[in-house]
Structure formats: C-alpha cells, structure tokens
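Student: Listed here are the chains, written in short residue letters.
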Amino acid sequence: MAKVVLSLDGTIMDQHFLGENPLTIGRDSGCDLVVPAPEVSLRQAHISAVVNDHFIEDLGSTNGTVVNGKSVNRHLLQNGDVVFLGPYRLRYLNTASAGRGLDRTQLLRPDAMDGMSAGAARGGDATLPLDMASAAAHAARARLAHGRIRGIEGQYAGREISIERVLLAVGSRGSCMGVINRRPTGCYLVHVSGKVRVRVNGRPLGAEPVLLGGGDVVEAGADKLVFHPG
Amino acid sequence: MSIRDACEMVSDTDAGCLRTLNEDAVRTVPDCGLLVVADGMGGHNAGDVAARIAVESIEAQVRPALAQWSPDGQPLGERLRAVLVEADGLIRREGEADRQRARMGATVACVVLHDDHAWIGHVGDTRVYRLRGDRLELLTRDHSPAQQALASGMVDAAALAGSHNRHLVTHALGAGGAEAIEVRETTAEQGDIFLVCSDGLNDLVDGIDIELVLDTMRDNLPLAAEQLVMIARDCGGHDNISVALARVDAPFPARRSTSARQGGSLMARLLHWFGGRA
Numbered sequence: 034m035a036k037v038v039l040s041l042d043g044t045i046m047d048q049h050f051l052g053e054n055p056l057t058i059g060r061d062s063g064c065d066l067v068v069p070a071p072e073v074s075l076r077q078a079h080i081s082a083v084v085n086d087h088f089i090e091d092l093g094s095t096n097g098t099v100v101n102g103k104s105v106n107r108h109l110l111q112n113g114d115v116v117f118l119g120p121y122r123l124r125y126l127n128t129a130s131a132g133r134g135l136d137r138t139q140l141l142r143p144d145a146m147d148g149m150s151a152g153a154a155r156g157g158d159a160t161l162p163l164d165m166a167s168a169a170a171h172a173a174r175a176r177l178a179h180g181r182i183r184g185i186e187g188q189y190a191g192r193e194i195s196i197e198r199v200l201l202a203v204g205s206r207g208s209c210m211g212v213i214n215r216r217p218t219g220c221y222l223v224h225v226s227g228k229v230r231v232r233v234n235g236r237p238l239g240a241e242p243v244l245l246g247g248g249d250v251v252e253a254g255a256d257k258l259v260f261h262p263g
Numbered sequence: 106m107s108i109r110d111a112c113e114m115v116s117d118t119d120a121g122c123l124r125t126l127n128e129d130a131v132r133t134v135p136d137c138g139l140l141v142v143a144d145g146m147g148g149h150n151a152g153d154v155a156a157r158i159a160v161e162s163i164e165a166q167v168r169p170a171l172a173q174w175s176p177d178g179q180p181l182g183e184r185l186r187a188v189l190v191e192a193d194g195l196i197r198r199e200g201e202a203d204r205q206r207a208r209m210g211a212t213v214a215c216v217v218l219h220d221d222h223a224w225i226g227h228v229g230d231t232r233v234y235r236l237r238g239d240r241l242e243l244l245t246r247d248h249s250p251a252q253q254a255l256a257s258g259m260v261d262a263a264a265l266a267g268s269h270n271r272h273l274v275t276h277a278l279g280a281g282g283a284e285a286i287e288v289r290e291t292t293a294e295q296g297d298i299f300l301v302c303s304d305g306l307n308d309l310v311d312g313i314d315i316e317l318v319l320d321t322m323r324d325n326l327p328l329a330a331e332q333l334v335m336i337a338r339d340c341g342g343h344d345n346i347s348v349a350l351a352r353v354d355a356p357f358p359a360r361r362s363t364s365a366r367q368g369g370s371l372m373a374r375l376l377h378w379f380g381g382r383a
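Protein sequence lines correspond, in order, to chains A and B.
My numbering numbers the first residue of the first sequence as 34 and each following residue consecutively.
My numbering numbers the first residue of the second sequence as 106 and each following residue consecutively.
Calculated from the structure, these hints are not laboratory results.
The structure presented is a predicted model; accordingly, all values stated were derived computationally and were not measured.
Every clue listed holds true.
To be clear about the criterion: a stretch of chain B counts as covered by chain A if any three or more of its residues have a C-beta under 8 Å from a C-beta of chain A, and this derived list gives those stretches: (1) 275 to 288; (2) 304 to 313; (3) 329 to 343.
We treat Cβ as the ideally placed atom computed from N, Cα and C, and that holds for glycine.
For reference, chain A alone in the conformation it holds in the complex:
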C-alpha cells in the first residue's frame, strides 16, 4: 500500500492513498490534492500507478516539478521521496518492498495489467540492453570489502588501482589467469585457468581461494602486483 502525505512546516495537511486512478496535484480546487501555494500551477502534476509502482509526471507546470531537489518530467517514486511544492512537501510512502512476501516471484492477476498498453512486452528479435540489479542488491554491495593493487610488472605496472567492480582479473587467458574477488569477509584470490598456477607470495594456489592480506604479492602470468586492503 502506498500513500502521499502533504505537509507544511512539519504539520500534516492532507494525505491520499494511491489506488488505480491517477491522482492530480495542483492549485485548482478540482485537483484530487489541492496545494494552495502561488508557486504551484493550477494543474501541476499527476501520480499514476503501474501495479505496485507509482510515477509522478509533470503536467507542463510553470515552475516544474521537483523531487528530492531535482527537477523531473517523469519519475518512478521511491519510498521516502519528497516532492517540493512551494513551501509544501509531499512525501511518498510505499512499504511494498519491505514486505517479505514481495521478494518472492509472484504471478500478477491478469486484470492487474489492464492499465498498460497491451503488447508492449512483445518485440522483435533485437538484443535487449543489459539491465541492473535491484536497489537492494546495490545497497548490499556496499558491504563488500575494498582492496587496492599496486602493479609491479605486466598490465598494471606502475599503476595503483582500487578494485571497483566485484572482481579484478589478473594474468591472461590461456597461460595463467586468476581473479581477486571482493567479498563481505575480504578480498580473495582464486586460480581461474592456465597450466601455470597463480602464486601468492611465491606459493602456487591450490583449488581453494586464498584470503589476501596487506602486502601480499600476487603473480599471474606476466602480471606481478601487491595487494592492499581498503
């Protein structure tokens, strides 16, 4: 269930639960949510629903619609978003994502999609763009350990690199390749492929990943580098 709460100087003035029908916002008394401020256009914006999501869309207002300090034309509302309407603040609250049940894949009732253009999901054989993981996953990624490497020989020679992605490849395919994984408990080195084993401090790696410590020297093919946490 989602709702919007209108407040002025911290005092709640009005609130609306968001159903299937669009909610119009403006200075005009015919709007579903009337905001009596001169900075607000007669018809400022509306909020429409797509199943559990809500979009706010500017209706060509004079001053534009501002969400969390940023001007938007159309914006997918997130729990806690604040819409600025002159001195008024409109806060969007949606607890849907907090419900454990919604983490499970669920089948939508067929009639729940009536509002959407039919056939929009159908397309040709074009390749689709790669997409991103959920916001929750991006938040969880913040827990991954950080690591840096200083290249001594090979592709990273003379460079100091912070490992930004989930892993960093070392060595080269065919001869000797390994990766350094950023994990919640630290950075781990693992041998990937090649007859020659990846080495840490001169010792060849077995099948198991090795937790890297500060100053550990990693050798993989032509690459030689020093690892530092943080």
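Following the hints, complete the assembly by docking chain B onto the known chain A.
Tutor: Below, chain B without anything else, positioned relative to chain A:
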C-alpha cells in the same frame, strides 16, 4: 561433431541466504544440447513441484523431438513451442487435481543447441543470455510489468532498479502462460557461452558483472557457475539462484546421412511419378 562432444555444460543452484527451500529446478542434458531452468511459485511448497514438473517434462519431450528431427520435418522452433505448451498443461492439471497446489506455476527458460543453432524458449522472467566475444547479450524479454514499463519508455533501466514490481511476472507455465510462450532461433558459434538463469541471479548481479564473470572465466565453466552464485549471495541472495551454462567448443552440424537424403529424394520422385499418373 555430436553436441555432447562440441559443448561443455555445467549448472549450479542455491537456495540463497534467506530461504530454506529451493523452488528452482535446473537441468543440463549434454547429449540433447539442452539447458533448462524453472523458477516455481505457489503456496504450500507447490512452486517446487511446478518447477520440477517443468524441467522433467521438457527433458522428456525434447529427447524424442530431436531423435525424430529431420530437415524436412516440423521446424524445431514449433516443436519446442509444443513442448512448452505441453509442460504448461501438465502443471495446470496437476494443480487442479490438488487444492493445495492450486495456481502453482513456474517461469521457465530453455536452450536447445542443435545443428549449429540455439532454439530458445521462455515464459516469465527466467532468462537466457549469450556471451559472444566479450559481450553479453540478453536474448529473452521478461514477461513482467517492469519490462513493460521499460519497453513503453515509462522508466529507464537505472530507475528500474528501484521498482516495486521487480518480483512480479505476468505469465508462468501452469498459470495461463501458454499464450505468452516465446521461441526464437539464433546461431551458436564456436566460443559462445549460453547462460540460463533464474531471477535470483539477475536481480542481484548487474548485467555488466555477469558479463565480466563469464568473460574472465570462459575457460573454467564450473568456476564461472560457482562465482555467479557466490556473487549473488554476497549481494544479498534473497531469492533462489540457479544458473546453467553451455560453452560451444566446436561446430555441431546435424548429421544428414546420404542414404536418408537419397531415400527422401527417391520417395519424392516416386510420389511425383504417381502424382503425374493420377
């Protein structure tokens, strides 16, 4: 070269960090060139049953379909669609027979590698990707409100990360999914890696990171599968995670025996001859 010798296949599945039950089912069948992942849904653990029926039914039907395949027969894409329709019916009938399993369903995606091509079928948000060179391509379009919002331009890929609709699908086998079944055919080249995965992977790992793992670990497929699951767990792992991988190491044209071809043309000539006389 036979498909079994031309491809390496591996799979991995994990209940994730928050659940005890794994409602995914995954199957690799090297001698059929088949990868299948199904993600079950429905109360009273019925999702588990639906996913299992889906993969078992698909495997059981694909094997004879390939054995009976001939270049002049029913196109494999049509055959694969029929296989998925049948799996849909099986799950629905099973659900109707037991009230505890009513409305159970499974999203499913599969790849059949045959004759230097890949036939791809899917319903719901279980996906198929292909790594070609160092580029990952998504080959299936989710049957989901999130995908529809993206396709209609209401939202861009970055904003979709925050959608509340990420775990909703519009179609699944066993629950009115038959009309949504999509089948496509594409080429399978030496070096290609096909990935079939449940949404427990792509909901937790960015597309570009899946690409990085597959490209870096293309020579060690078991490690690639293991690492995809590991990264999904490290990034929250709130759902079941399943991956099935196939790497094409050599061409695998279908055998067209010369005797069969001559036999066919002889039959055609005879039919033509009889037809001409009638």
